[in-house]
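Remember, my numbering sits 572 above the position in the sequence shown when you count from 1.
It is possible that part of the hints are untrue.
As the list claims (entries may be wrong) - Computed cross-link-like contacts, DSS-like style, restricted to lysine-lysine with a CA-CA straight-line distance of at most 27 angstroms:
1) Lys776 x Lys619
2) Lys791 x Lys740
3) Lys770 x Lys787
4) Lys776 x Lys722
5) Lys770 x Lys665
6) Lys783 x Lys770
7) Lys783 x Lys740
8) Lys770 x Lys722
9) Lys770 x Lys619
10) Lys740 x Lys665
11) Lys783 x Lys665
12) Lys776 x Lys787
13) Lys722 x Lys791
14) Lys740 x Lys722
15) Lys776 x Lys665
What the hints contain is simulated information worked out from the structure, not anything from laboratory work.
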Amino acid sequence: MRQHAANGAYYELSRPDTVRRLAEWDDSVRLESVRYPVDPGHARVGKRLTDLSVLLTSRRIPDFVWTWYSDCLIQDHVLRFFRGQGFTGFDVKPCSGSHEDRARRPDLCDDNPGLRAGEAAQLEIPTLWELVVTGWAGVAPPESGVRLAKFCPACSHRVYSRFTSPTKLIDESQWDGSDFFMVWPLPRYTFITDRVAKAIRGNKLRGALLKPLSKLECKVSSLSPGRLSHWMPEDRARQLGEPFGIY
């Protein structure tokens, strides 16, 4: 019998509820283009082929930095702290950063207009790392509302229904016990244990929200996450994804 995590035992590590100070990918970031001759309508973007390189749009650089695509970047002192605490279920990739210069005539609707050239020249860019989740809690159970809605046998493209009962997303019988972990098909949701949440709060790390499961929202009508290998290191994705056909 499945045992669901108690409400409040786990959290989502997420970006603040504002678009101010979100980092932007720069032009060096490259994505895989996936095309299927059998069904051209299934052509889509695949995994990212390069490490992240971002433009920082604010003078204030918090401990956690988020991009418009919800990539989570952490400063070097946060990485050292996480490793010192012995947290499990994550890896990091290098991330380079620079400041975006403000346009001569900024768009009044732009929430992140960038910095004036003089301001950018005076600011030091901290060492940033992209947080990559490697911990695993399997596939979201049907009780959460997540179900496979569409499947293409030609290209294995999958579309899932959105979750409706967030407190039932985590099936503890599938969880590997990691402090950072993923639930499929929600690779953009970084789940953490209460131990991590307490450490972040206790050290007053800035730039992230800690949302209990009961507060999670799914703002899209369906979920189409691609392959697990788009989100995890290749060997780990193969190990976890092949039994579910999602590698």
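### Query
Can you list which hints this structure breaks, lowest number first?
1, 4, 8, 9 and 10
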